[in-house]
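**Student:** Protein sequences appear in the order of chains L and Y. Start counting the first sequence at 1; every next residue gets the next number (full-length UniProt numbering). Start counting the second sequence at 1; every next residue gets the next number (full-length UniProt numbering).
It is worth saying that the hints were derived from the structure and are not from the lab. Predicted model only: the values in this text are computed from it and were never measured. Among the hints, erroneous ones may be present.
Each pair may be met inside one copy or between any two copies, as identical chains are not told apart.
[Stated by the list, open to error] Below, in silico cross-link-like pairs of lysine-lysine (DSSO-like), each with a Cα-Cα straight-line distance of 30 Å or less:
(1) 295 with 148
(2) 140 with 436
(3) 140 with 404
(4) 149 with 261
(5) 306 with 360
(6) 295 with 430
(7) 261 with 431
(8) 393 with 5
There are 2 protein chains.
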Amino acid sequence: MEGKKVVVVGAGPVGSLAALYASSRGAVVEVYELRDDLRNLDTTPLNFTKSINLALSERGINAIRSTGNPGLLDKILERTIPMHGRMIHIRSSGGALLQQSQAYDVHGRFQRSVDRGELNKVLLDHLDSLPNVKFFFQHKMTGADFRKKKAWFEVTDKNRATPSDRPQEIEVSFDFCIGADGAHSATRHHMMKFARMDYYQTYIDCLWCEFSMPATKEGGFAMPPTYLHIWPAGKFMFIALPNLDRNFVCTLFGPVDLFTKLENGTDEELVSTFDKYFPGVTTFIPPTELVAQFKRNPHLPLINIKCSPHHFGDSVVILGDAANAMVPFYGQGMNAGLESVRVLFSKLDETPDRAEALAKYSAERTEDAHVIADLALANYIEMRSSVTSPLYKLRKYIEERLDKYVPSWGWATQYARISFSNMRYSEVIKKSKSQKRILTTLLLTATGTGVVGSVAGILLLWTRFRHQKVFGLSWSGR
Amino acid sequence: MEGKKVVVVGAGPVGSLAALYASSRGAVVEVYELRDDLRNLDTTPLNFTKSINLALSERGINAIRSTGNPGLLDKILERTIPMHGRMIHIRSSGGALLQQSQAYDVHGRFQRSVDRGELNKVLLDHLDSLPNVKFFFQHKMTGADFRKKKAWFEVTDKNRATPSDRPQEIEVSFDFCIGADGAHSATRHHMMKFARMDYYQTYIDCLWCEFSMPATKEGGFAMPPTYLHIWPAGKFMFIALPNLDRNFVCTLFGPVDLFTKLENGTDEELVSTFDKYFPGVTTFIPPTELVAQFKRNPHLPLINIKCSPHHFGDSVVILGDAANAMVPFYGQGMNAGLESVRVLFSKLDETPDRAEALAKYSAERTEDAHVIADLALANYIEMRSSVTSPLYKLRKYIEERLDKYVPSWGWATQYARISFSNMRYSEVIKKSKSQKRILTTLLLTATGTGVVGSVAGILLLWTRFRHQKVFGLSWSGR
């Protein structure tokens with residue numbers, strides 16, 4: 001990629017990381033971003049269609065680590081808050097508030113809460129120090145010809161635009177274009193005129209609204225900060241992630257019906273709905289504040305996008321939400337996006353012919369992207385209700401004991417493999433399916449026939465399990 | 001709609017018909033079209049991404065008839081050529097050329113072959129005579145705000161543009177916008193920023209290339225003109241539709257692999273492939289001409305699009321390919337598009353509140369649109385192979401006899417209901433499923449147990465059928 005002109009569209013975390021990878025391979029990198037530089041803005045730098053606090057885990061960290069800048073990774077990790085598990089807030093049958101913690105991992109691995117803007121800033125500052133990376137903020141992609149390798153951008157930056165009432169449009173040539181411009185990607189839109197792309201988008205029946213839970217008067221966190229707090233309520237839920245300023249960034253998720261009801265109801269109804277379903281929240285977010293935030297902050301939809309391929313020829317590739325927007329319930333959106341940068345460049349490094357490398361990348365990544373999108377959808381059910389079910393807890397318990405006490409078996413929960421490993425998403429799901437079959441046999445046998453059955457089940461488990469290990473080895477050998 | 005400003009995007013058959021419907025309701029109509037007026041062009045007036053000859057049948061005719069302009073409908077029908085059935089061209093096991101005709105309908109109803117441009121011209125000429133319809137050709141939609149009811153168009157018409165090297169952009173306000181701008185609809189693209197649209201597009205593994213089969217030296221048709229000619233060849237096929245100039249407009253359909261092989265092969269290989277699979281074609285299209293056309297004419301993909309909803313608020317609706325592009329194998333693409341205009345305006349006429357009317361339209365039409373898109377895909381299999389299967393022929397035979405000789409039973413083939421009725425597509429499929437269950441029982445019984453079984457089967461059919469009739473009545477009463 002030495003000396004090649006690489007145009008990155010989008011200066012979010014995924015686009016910034018892609019620029020860094022391209023730059024370290026000697027490319028001449030230009031980053032075009034629709035919005036202003038978020039570092040120039042005083043208030044909330046991002047538009048309100050992006051969640052502000054995100055969970056950063058192994059895949060995202062590994063993608064940053066693989067740039068070979070330990071200082072950069074440290075700077076990012078310093079800005080994160082470890083979350084060692086979920087804290088489930090429920091009301092007992094007697095009406096008392098209960099808080100139950102569930103550790104994320106039996107080996108102590110954890111999620112990290114991070115402000116998207118903070119992470120983005122660290123990456124942008126780092127890129128600023130590189131001689132071969134240039135930024136063009138407030139440049140809106142208006143067209144692209146991916147055969148001729150040209151793109152057009154409208155300059156909305158008042159300082160750069162010509163003194164006329166009509167916006168200036170510039171033409172940019174490139175060798176390679178990376179579109180990391182989000183779920184409503186202009187790069188993808190123009191790429192679809194060249195690539196024969198299968199494309200699927202759907203809005204799920206769920207809206208979200210962000211809330212801020214302030215620090216206490218003493219300046220401390222309102223709740224223990226080392227957890228992702230969840231108020232599961234069947235069809236809807238409320239969650240809270242700790243932020244460096246000792247606030248919690250909270251989100252209400254619920255079906256469109258619930259939002260419509262709350263929007264049309266009185267302030268008292270909103271507060272009493274919270275008190276009924278999300279016990280304790282109004283102790284930390286005062287009711288007047290809660291109502292004000294619900295009215296002020298937008299109520300936004302959730303989109304699920306799958307497409308294939310993710311590239312066209314040797315000319316363009318789309319990454320992150322542009323290729324694979326998912327619902328936020330597995331905490332994998334940004335991690336998957338960052339990982340896609342690492343996977344892309346590993347293919348480019350391995351295969352000199354770029355068209356061939358992109359075809360390989362696309363084939364592998366679309367498979368993984370579809371898996372994690374489906375898992376994220378399924379996890380909505382888990383978070384808002386299954387977390388409290390005894391069977392769910394039992395399975396988690398057994399799987400974790402197997403993982404902890406018989407590590408040689410290579411057993412692990414799906415959650416751990418998704419969040420704390422770099423195994424391909426599509427392999428995780430294969431392993432989980434196999435484990436689930438085995439465990440279900442055990443649990444059914446145990447429940448159905450008591451002690452005798454349990455012994456038989458364990459024997460059965462053992463027999464099958466040795467088989468599973470063989471599969472496990474053959475998979476990891478891929 | 002009296003006095004309201006209606007902007008129609010797209011001046012193809014569907015957009016033109018929508019303009020006519022809006023105009024007859026007193027609207028002030030402006031039609032914006034990306035391309036030049038096809039009546040100004042000497043050569044093939046359409047871009048090469050649209051098939052030139054299409055099958056016009058009841059739904060399309062009914063939509064034109066319902067404008068209440070018998071003269072207009074007559075002008076269009078004069079430009080069509082009746083096709084009473086399929087003519088299947090195959091080679092016997094001995095190698096002889098066989099032509100087998102299959103009538104489309106037991107009641108003599110037929111398809112009509114029509115040049116898309118001719119039909120379009122008649123509609124445009126008619127619209128030209130209306131004082132409340134204005135055309136803006138060579139205007140490309142560049143943006144739209146469907147809340148503020150404004151759209152922007154770039155004027156690519158050299159005569160209208162300002163004398164500058166940069167294209168002029170105009171802002172257009174409207175009360176209601178109708179997007180009939182094809183599979184790659186700009187209206188849909190901008191509407192998706194407002195409506196939470198579920199959207200699905202897929203390219204099937206099939207390309208197509210158009211050929212022209214010239215008239216004979218004596219000026220006659222090379223083959224009987226009252227048929228849609230088909231050369232079914234399992235995974236691919238060749239078809240021919242008669243044109244008014246006594247040519248046949250032909251299309252080769254085949255998987256990408258086949259096209260790649262033919263593109264990379266010699267001229268002789270192309271000709272021998274035709275001779276092997278499409279016997280007789282090279283007698284009518286001389287081999288040199290066949291090769292030249294295959295090289296000159298583009299090899300184009302087929303896209304299948306489903307989306308929901310088809311509208312946003314009271315502001316915009318998308319129709320035809322923009323909402324529901326389908327593969328061409330049921331001959332329903334244009335018919336469904338024209339029908340959607342009729343259905344839309346029937347909802348608008350019934351329901352004074354436009355937002356409510358559009359919501360009703362969208363709910364009903366998306367269901368029907370998805371059904372016909374699926375049927376069109378399935379018919380590819382039927383056309384390229386099932387037409388020659390004995391079981392297919394037997395079923396068609398029995399169904400047609402039931403339709404013809406016991407009309408009171410209300411039996412009809414799916415093909416007849418799709419092509420020769422105005423029954424909702426979704427009801428057609430319900431009826432067909434029910435009929436298929438009954439027939440399968442009969443056929444299986446008959447085949448399995450001979451004469452005794454046949455008698456039993458007929459009795460069973462009779463018993464079930466009385467039941468079916470009840471359903472039939474209740475459905476048609478909807």
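**Student:** With reference to the structure, classify each hint as holding or not holding.
**Tutor:** Hint check results:
no., hint, verdict
1, 295 with 148, "between (48 Å within a copy, 23 Å between copies)"
2, 140 with 436, "neither (47 Å within a copy, 54 Å between copies)"
3, 140 with 404, "neither (51 Å within a copy, 63 Å between copies)"
4, 149 with 261, "between (50 Å within a copy, 28 Å between copies)"
5, 306 with 360, "both (18 Å within a copy, 29 Å between copies)"
6, 295 with 430, "neither (44 Å within a copy, 46 Å between copies)"
7, 261 with 431, "neither (42 Å within a copy, 40 Å between copies)"
8, 393 with 5, "neither (52 Å within a copy, 61 Å between copies)"
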